[in-house]
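Engineer: In case you want the letters, here they are:
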Amino acid sequence: MSTAVPSVAAPCIHTRLHRLATNLGEKCGFKSLFAVIAAAILGIGLLSFPPPAEARISLEKCTLCHGKSEFRKVLVDGKIRDIFVTADSLKGSVHEKKTCVDCHFDVSEIPHRVRPRRVTCTHCHYKGNAEGAPQWDGYLAYFDSVHGKAIAQGNVKAPMCQDCHGSHAIVKTKNDKSAVAQQHVAETCGRCHIEIYAKYRTSIHGVAVSKGIKEAPSCTGCHGEHTIYGPKDPKSTVYATHVADQCSKCHASVSIMSKFGIETEQVHTYKESFHGVANQFGSRTVANCSSCHGTHDIRPAADPLSSVNPQNVPKTCGKCHPGANPNFAVGKMHIDAKKKEAGIVYYVASFFKYLTIGTMLALIAHIALDMYGRSKRLRGGK
Amino acid sequence: MSVDEKKTIPQQEIDREVEEAISTETAGLDPEKATEIREKIRKRVREEMEREMRLRTAAERRDEERRRREERRKEKHHEEGEMFQRFNRNFRFQHMVMFTSVILLIITGMPIKFPNFILSRLVINLWGGINNSTLVHRIGAGMLIYFMVHHLFYTILSRDGRRDFLLLIPMPKDLKDAVQNVRFFLGKEGEKPKFGRFSYIEKFDYWAVYWGCIIMIGSGALLWGESIALKYMPKFVLDIAHEAHSDEAMLATLAIVIWHFYNVHFNPERFPGTLMWWHGQISEHEIKEEHPLEYDEIMAKRKQQAAAEGTN
Chain A
1 MSTAVPSVAA
11 PCIHTRLHRL
21 ATNLGEKCGF
31 KSLFAVIAAA
41 ILGIGLLSFP
51 PPAEARISLE
61 KCTLCHGKSE
71 FRKVLVDGKI
81 RDIFVTADSL
91 KGSVHEKKTC
101 VDCHFDVSEI
111 PHRVRPRRVT
121 CTHCHYKGNA
131 EGAPQWDGYL
141 AYFDSVHGKA
151 IAQGNVKAPM
161 CQDCHGSHAI
171 VKTKNDKSAV
181 AQQHVAETCG
191 RCHIEIYAKY
201 RTSIHGVAVS
211 KGIKEAPSCT
221 GCHGEHTIYG
231 PKDPKSTVYA
241 THVADQCSKC
251 HASVSIMSKF
261 GIETEQVHTY
271 KESFHGVANQ
281 FGSRTVANCS
291 SCHGTHDIRP
301 AADPLSSVNP
311 QNVPKTCGKC
321 HPGANPNFAV
331 GKMHIDAKKK
341 EAGIVYYVAS
351 FFKYLTIGTM
361 LALIAHIALD
371 MYGRSKRLRG
381 GK
Chain B
1 MSVDEKKTIP
11 QQEIDREVEE
21 AISTETAGLD
31 PEKATEIREK
41 IRKRVREEME
51 REMRLRTAAE
61 RRDEERRRRE
71 ERRKEKHHEE
81 GEMFQRFNRN
91 FRFQHMVMFT
101 SVILLIITGM
111 PIKFPNFILS
121 RLVINLWGGI
131 NNSTLVHRIG
141 AGMLIYFMVH
151 HLFYTILSRD
161 GRRDFLLLIP
171 MPKDLKDAVQ
181 NVRFFLGKEG
191 EKPKFGRFSY
201 IEKFDYWAVY
211 WGCIIMIGSG
221 ALLWGESIAL
231 KYMPKFVLDI
241 AHEAHSDEAM
251 LATLAIVIWH
261 FYNVHFNPER
271 FPGTLMWWHG
281 QISEHEIKEE
291 HPLEYDEIMA
301 KRKQQAAAEG
311 TN
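Line by line, the protein sequences give chains A and B.
Residue numbering for the first sequence follows the working numbering, starting at 1 and increasing by one per position.
Residue numbering for the second sequence follows the working numbering, starting at 1 and increasing by one per position.
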C-alpha cells in the first residue's frame with residue numbers, strides 16, 4: 001500500500017483531511033470516526049483519480065500564468081503589481097512543503113477571475129493547531145496592538161502578518177536572512193515608517209546593527225514585536241514612565257556594556273535624581289532618557305549632532321527649562337556622588353557622610369550613657 | 001473711697017446721691033424740663049452701673065476659673081509645686097510653625113531620597129501624586145523661611161528674645177557641664193551639674209537649627225529656582241546644592257527624631273511626652289531639677305521685688 005502511493009501527493013492530502021477532522025471533531029470518538037472516513041476517502045481517491053497527475057497538474061496550472069517573469073497587473077492607481085511566482089519561491093522557506101492552495105485556499109478554479117483575498121495566517125497558526133506550525137498567541141497580542149486596531153478600523157495601509165514576515169520567502173526569525181531578524185527588521189519597519197528609519201539608520205544604534213552587533217537594539221528591541229502600542233499609550237514600552245526601564249534593560253547590564261566601553265552608572269544615577277524619582281512616581285512631564293538623548297536619532301555625546309553634545313545641551317534642556325544657557329553643560333551629567341570622578345560633589349558628600357555619622361554616634365552615646373546612669377541610680381536606690 | 005466700701009453701698013444711697021445732684025443742677029429750670037432731665041440721668045446711671053457690673057463679673061469669672069484650675073492641679077500633682085512660665089506665646093508660636101514645616105518637609109522629602117522604600121509610593125499617593133507632593137514640600141519650605149525671619153526679628157526686637165539669645169551663646173561652663181554630666185552618668189560624680197536657663201544640650205539644639213536652616217534654605221532655594229539659578233552659576237553648583245540638601249536633611253531628621261525627641265519627650269522623667277511646647281509652663285519640681293540656677297535667679301528677683309515693695 002505505502003509503496004504504491006506517491007510520497008509527494010499523499011502527505012498533503014492526508015494532512016488536509018486530518019486537519020479537517022481535527023477542526024470538526026471535539027471528542028476522541030468523533031476524531032476516530034473522521035479518521036476512518038478520511039482513510040476511506042483517501043482510498044476512493046486513489047482508485048478514482050491518480051494523485052500524481054492531480055498534484056502535478058495543480059502546480060503546473062498555477063505556474064502556467066504566474067511562472068512568467070513578465071506577469072504583472074496594472075492597478076487602478078497606475079502602480080504595477082508584480083505577481084511573478086515560480087515553483088522555487090517557497091524553496092528554503094518554512095513553508096517549503098506546502099502547495100499554493102494550502103494558503104490561497106479560496107482559489108477554487110483556474111484561472112481565478114478575481115484576486116484572492118489576503119492570506120490569513122491564523123488559519124494554521126492558532127494555538128493547539130495540528131500542523132506543527134508555531135503555536136504562539138502573538139496574533140492575539142497583535143489584535144490589541146496599534147497595528148491590529150488600525151486593521152480593524154479599516155486602514156488598508158496598516159501591516160498584517162505578511163507585511164513584516166514576508167509572503168512566500170518566510171524563514172525563521174533566528175535566520176539572519178529573515179525579514180524580521182535583528183539585522184533587517186529596521187528595513188522592514190522602515191517601508192512604512194520611512195522618516196524614522198532614516199533617523200535610526202545613522203544613529204549609534206543603527207550603525208551598531210549594520211555592523212552586525214547582536215546586542216544593539218533594533219525597532220523590536222525597544223517597541224516590542226507584536227505588542228506594539230503608540231508612545232502615548234500607558235501600555236507601551238516607550239511610554240513616558242516606561243522609557244527608563246526599557247533603556248535600562250541593556251544599559252544597566254554590565255556584561256553587555258563592558259563590551260563597548262560604556263558606563264552603566266547613568267541608569268542608577270538617573271533613577272536617584274529628581275528626574276528619575278518623579279518619573280518613577282508617575283510624572284509624565286519630567287525628563288526621561290529620550291527627552292535628552294533623543295528617540296530614534298540617538299548619537300554619541302562627542303558627535304556635534306548629538307542632542308547631549310555640550311554645545312547642544314542648552315537647547316536640549318531648554319525644552320523644559322526655558323532660558324537655558326551654557327551653564328547647564330558645566331559639570332558632569334549623570335553625576336555619581338559616591339565616585340571621585342564627581343569632583344567637588346564627592347567631597348561634599350563625604351563631608352556630610354562623616355559629619356552625620358560622627359554627630360549621631362556622639363548623640364546616641366550621650367543618650368546611652370544617660371540611660372545607663374539612670375538605670376544604675378535606680379538599681380542603687382533599690 | 002475704697003473699692004470694698006463702694007461695693008457695700010446700698011442702691012438707696014446711690015439713688016439719694018443722684019437725686020441730690022440732679023436737684024442742685026436743675027434748681028433754676030422749669031418743673032417739666034427738670035422732670036425730663038431727671039429721668040434721663042437716672043436711666044443713664046443705671047446703664048453705666050449694669051455695664052460695669054458685667055465687666056467685673058466676666059473678669060472675676062476668668063480669675064475664679066484660673067484659680068480653681070490651679071487648685072485642682074495642686075491637688076492632683078502636689079509634688080509639682082508652683083508653675084512658672086518658661087516660654088512666652090511668641091516663642092511657642094515660632095516653635096509650632098517650625099515643627100509643622102519640618103514635619104511636612106520630612107514627609108514629602110524622604111520619598112524622594114528613598115524612592116524604593118516600601119512606604120514611599122504610599123506617601124506620594126497620599127498627596128495625590130508627585131506634583132502635589134512637591135507643592136506641599138514648597139509650602140513647608142515657605143513656612144520654614146517665615147519662621148527663620150520671624151525668629152531673627154524676635155531675637156532683635158523682643159526683650160525676651162535678646163535675653164534668651166545671650167543666654168544661648170556657648171560658654172566655657174558648657175564644656176565643664178558636659179564633662180561633669182558624663183562623669184555623673186558613669187557614677188564617678190555624685191552630683192549632677194547645675195544648669196541655668198539653657199543647658200549645653202539645649203544650646204546644641206538651638207545652634208543645630210541655625211546650621212540646618214542655613215544649609216537647607218540656601219540649597220533649597222537654588223533647587224527651587226533651578227532654571228533661574230543655572231543662568232548665573234554652573235551645573236556643578238546645583239549638583240553640590242542637591243547633595244548638601246539631601247544629606248543635611250538626613251542629618252537633621254536623625255538629630256530631631258533621635259536626639260531631640262529623647263531629651264524632650266522620651267527620657268524617663270518626661271515619658272511619654274511633655275506639653276511644654278503647647279502651654280510653655282514648667283513646674284517648680286522640674287525647674288529645680290533641670291534649671292536650678294534659673295530657679296535661684298527667679299527667687300532672688302522675687303525677694304528683691306518684695307524688699308522694694310516693702311520699702312514703698
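These are computed hints drawn from the structure, not numbers from a lab.
Treat each hint with caution, since some may be false.
[To be verified] As a list, the in silico DSS-like pairs of lysine-lysine whose alpha-carbon atoms are at most 30 Å apart:
id, chain 1, residue 1, chain 2, residue 2
1, A, K376, B, K194
2, B, K74, B, K288
3, A, K232, B, K113
4, B, K113, A, K235
[Claimed, not checked] What follows is a list of derived Cβ distance ranges for each label pair:
id, chain 1, residue 1, chain 2, residue 2, range
5, B, S227, A, N155, 19 to 25 Å
6, B, S227, A, L369, 47 to 53 Å
7, A, Q162, B, L122, 46 to 52 Å
8, B, R302, A, L369, 33 to 39 Å
9, B, V179, A, K249, 54 to 60 Å
10, A, E265, B, V179, 44 to 50 Å
11, B, E75, A, L369, 34 to 40 Å
12, A, D176, B, G129, 52 to 58 Å
13, B, T274, A, D233, 53 to 59 Å
14, A, K332, B, T274, 47 to 53 Å
15, B, L122, A, K98, 53 to 59 Å
16, A, E215, B, H150, 56 to 62 Å
[To be verified] Chain A is faced by these chain B residues, among others (derived, beta-carbon under 8 Å):
id, residue
17, D15
18, F236
19, D247
20, L251
21, F261
22, V264
A virtual CB, placed ideally from N, CA and C, is assigned to each residue, including glycine.
Engineer: Would you mind marking each hint as holding or not holding in the structure?
Structural biologist: Each hint tested on the structure:
Straight-line distance between C-alpha atoms of A/K376 and B/K194 comes to about 20 Å, which keeps the hinted pair within the 30 Å bound. Distance restraint check for B/K74 and B/K288: the Cα-Cα separation of roughly 17 Å lies within the 30 Å cut-off, and the hinted pair is therefore satisfied. Between A/K232 and B/K113 the CA atoms are separated by roughly 28 Å; this keeps the pair inside 30 Å, and the hint holds. Of the supplied pair hints, the one linking B/K113 and A/K235 holds, its CA atoms being roughly 28 Å apart against a limit of 30 Å.
For B/S227 paired with A/N155, a C-beta distance near 42 Å fails the hint of 19 to 25 Å. About 49 Å separates the C-beta atoms of B/S227 and A/L369, a value consistent with the hinted range of 47 to 53 Å. Between A/Q162 and B/L122 the C-beta distance comes to about 49 Å, which sits within the given range of 46 to 52 Å. Checking the proposed 33 to 39 Å range against B/R302 and A/L369 shows it holds: the Cβ atoms sit about 36 Å from each other.
Distance hint for B/V179 and A/K249: a CB-CB separation of about 59 Å, consistent with the stated range 54 to 60 Å. Distance hint check for A/E265 and B/V179: the Cβ-Cβ separation is about 47 Å, which falls inside the suggested range of 44 to 50 Å. Remark: the range hint 34 to 40 Å for B/E75 to A/L369 is upheld by a beta-carbon distance near 38 Å. The given range of 52 to 58 Å is broken by A/D176 and B/G129, whose C-beta atoms sit roughly 47 Å from each other.
A hinted range of 53 to 59 Å holds for the C-beta pair B/T274 and A/D233, which are about 56 Å apart. Take A/K332 and B/T274: their Cβ atoms lie about 49 Å apart, and the range 47 to 53 Å holds. For the pair B/L122 and A/K98, the beta carbons lie near 57 Å from each other, so the given range of 53 to 59 Å is met. For the pair A/E215 and B/H150, the supplied restraint of 56 to 62 Å holds, since their beta-carbon distance comes to about 60 Å.
Because the beta carbon of B/D15 sits about 71 Å from the nearest beta carbon in chain A, more than 8 Å, this interface hint is broken. Hint on B/F236 holds. Least Cβ distance to chain A is approximately 3 Å, under the 8 Å limit. Checking B/D247 against chain A by beta carbon gives a least distance of about 3 Å; that is within 8 Å, so the hint holds. For B/L251, the interface hint holds, the least distance from its beta-carbon to any beta-carbon of chain A being 4 Å, beneath 8 Å.
Of the supplied interface hints, the one on B/F261 is violated, with its beta-carbon coming no nearer than about 10 Å to a beta-carbon of chain A, more than 8 Å. Given the 8 Å rule on beta carbons, the hint for B/V264 is violated: about 12 Å separates it from the nearest Cβ of chain A.
The structure shown violates the earlier hints numbered 5, 12, 17, 21, 22.
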